[in-house]
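Enquirer: Residues per chain are reported as follows:
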Amino acid sequence: MSDEESQEPELSEKQKVEIAKWFLLNSPAGEIQYVAKDVKAVLNDEHVYNMAVSEAFPVYNKSHMICLEMPGRVGDVLVTSFGQLNENEYLDPRTAQVAVVDHVKQVCTEVRPANDEELPSPYIEEFRCALDAEITKYVDEAYPKGVSSVYCTNGKDVEGPGSDFELVVVISAVRHSPQNFCNGSWRSLWNIEFKDDVQMLEVSGNMQVGAHYFEEGNVQLDAQHECKDSTIFQSPDDSAISITNIIRHHETEYLASLQVLNMALLMVNCFTV
Amino acid sequence: MEAAMGLMRRIHPKNTDTALSALLSLLPHHSSDLLSQVDQPLQVLCDVDSGKEFILCEYNRDSESYRSPWSNKYHPPLEDGSHPSVELRKLEIEANDVFSVYRDQYYEGGISSVYMWEDDNEGFVACFLIKKDGSKSGQGRRGYLQEGAWDAIHVIEVGPEEEGTAHYCLTSTVMLSLTTNDESSGTFSLSGSIRRQMNMDLSVSEGHLCNMGKMIEEMESKLRNSLDQVYFGKTKEMVCTLRPPAEVVQMRLPDS
Numbered sequence: 001m002s003d004e005e006s007q008e009p010e011l012s013e014k015q016k017v018e019i020a021k022w023f024l025l026n027s028p029a030g031e032i033q034y035v036a037k038d039v040k041a042v043l044n045d046e047h048v049y050n051m052a053v054s055e056a057f058p059v060y061n062k063s064h065m066i067c068l069e070m071p072g073r074v075g076d077v078l079v080t081s082f083g084q085l086n087e088n089e090y091l092d093p094r095t096a097q098v099a100v101v102d103h104v105k106q107v108c109t110e111v112r113p114a115n116d117e118e119l120p121s122p123y124i125e126e127f128r129c130a131l132d133a134e135i136t137k138y139v140d141e142a143y144p145k146g147v148s149s150v151y152c153t154n155g156k157d158v159e160g161p162g163s164d165f166e167l168v169v170v171i172s173a174v175r176h177s178p179q180n181f182c183n184g185s186w187r188s189l190w191n192i193e194f195k196d197d198v199q200m201l202e203v204s205g206n207m208q209v210g211a212h213y214f215e216e217g218n219v220q221l222d223a224q225h226e227c228k229d230s231t232i233f234q235s236p237d238d239s240a241i242s243i244t245n246i247i248r249h250h251e252t253e254y255l256a257s258l259q260v261l262n263m264a265l266l267m268v269n270c271f272t273v
Numbered sequence: 001m002e003a004a005m006g007l008m009r010r011i012h013p014k015n016t017d018t019a020l021s022a023l024l025s026l027l028p029h030h031s032s033d034l035l036s037q038v039d040q041p042l043q044v045l046c047d048v049d050s051g052k053e054f055i056l057c058e059y060n061r062d063s064e065s066y067r068s069p070w071s072n073k074y075h076p077p078l079e080d081g082s083h084p085s086v087e088l089r090k091l092e093i094e095a096n097d098v099f100s101v102y103r104d105q106y107y108e109g110g111i112s113s114v115y116m117w118e119d120d121n122e123g124f125v126a127c128f129l130i131k132k133d134g135s136k137s138g139q140g141r142r143g144y145l146q147e148g149a150w151d152a153i154h155v156i157e158v159g160p161e162e163e164g165t166a167h168y169c170l171t172s173t174v175m176l177s178l179t180t181n182d183e184s185s186g187t188f189s190l191s192g193s194i195r196r197q198m199n200m201d202l203s204v205s206e207g208h209l210c211n212m213g214k215m216i217e218e219m220e221s222k223l224r225n226s227l228d229q230v231y232f233g234k235t236k237e238m239v240c241t242l243r244p245p246a247e248v249v250q251m252r253l254p255d256s
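Residue numbers (this note's numbering), protein chains in the order written: chain A, 1 to 273; chain B, 1 to 256.
Some clues are possibly wrong.
Chain B regions said to be covered by chain A (calculated; three or more residues, Cβ under 8 Å) [to be verified]:
| hint | segment |
| --- | --- |
| 1 | 3-17 |
| 2 | 22-31 |
| 3 | 71-82 |
Keep in mind that the hints were calculated from the coordinates and are not lab data.
We put the beta carbon where it would ideally sit given N, CA and C, even for glycine.
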């Protein structure tokens, strides 16, 4: 396989698509369109390019949890695997709208109201909605450009106490300033398991930070952290408050540890005196 | 080619290797341009004669072999590999000695190599390389990083001597990568490369080596400052604009 690659100068179409996809998927936050332009020029093959973008953009958009504006001033929708109904349709639980997304153009082309089957039961919705309200307050306060969403990922049809279910909180904040040659992104995912039998909530989080600075060079920061916590099962409103407190606490702490680490690396400067 | 370089500016520096080999296979006819324009992390080989390590780059390569600055021999051996002239080789030996001392003072360890070759316009080109491994396994005195590397490449084109002065054009690239992975802070990777250029016309009365040394010293201090303040400062600033630290939020609260 590897012998074939080094001896055979002409790549197969499939290999070209794979290489193009690799570049697209490894684009820094907010830069996939620029990367796509360069990939197109390097490939010089419309057919291969179209295959690569059609496969890579949906994956990139979901993993970067990009935020798109829905037409008709409905609001914004996050493109995530949690809200995905099919390849091009994404649920926005807050507005109960379904956004139809053009992945390659990265726009939302139309919206439709969600069906009853696509939405959680009223019992679940009470927890989801209360948490969404608290998270929105927190995100507005902590992230100047943050967008959040709360999804039910498990047990959305549970009608009342007695069964487990799961909610996911997604927070995404991006900042693009190509004129200053820098881009950055923050993504955090919080999974909350509502355990009915033990009356506990298991919280697990994953936070990801990226920054790219490219004036006369290319400097990138990539950091990721996971953590776990738990609290007791309470009413929808009280659960929402305690979950949000947990998230606020961990995110603030992580940010502080990042600053300390960053500073320590610089001050120790172990490479040069 | 321009688009290929555009891609290299966006791809994460830790993926440079993969990106370069991908571009080489897509654009085989541009391979020499790509190899000379894309800076890759420096590799090291051990000189069998002296037992000392030397750095590999495009400038000491001939087909699949690399010339050691210590023994002047190619590794693996090469029948008709190109060598600098006797005179230039003398300067190269001297430069390697001086640069080793400089590297030891500034870097507390690491590996350095200097290569020189004649160019087409009666001058010559010198390439000064430094590699420092700051990881746990590296020899850095304070090495505690999971993975950390500092690679510096300085290429100086020296023009022909005219009325006692010569033109020096220095292009420097520093590649830095830092990676940590611990329980409390998760994974953290900060890497980058920056490139700067400096042009000077200097009197050759004190010799080329002295002039080149001064330029490199000045450039290295500039690059260190840029990396520290501008680049890493900028990434930190970016994180702070995404999610301002709590103190800032609290400080703002009384106003609102």
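Enquirer: All the hints need checking, so say for each whether the structure fits it.
Expert: Structure-based check of each hint:
Judged by the Cβ-Cβ criterion of 8 Å, the segment 3-17 of chain B is covered by chain A as claimed, because 12 of its residues qualify and three suffice. Restraint check on the segment 22-31 of chain B versus chain A: 6 residues with Cβ-Cβ distances below 8 Å, three needed, restraint holds. Taking a C-beta to C-beta cut-off of 8 Å, the segment 71-82 of chain B contributes 0 residues in contact with chain A, too few for the three needed, and the coverage statement is violated.
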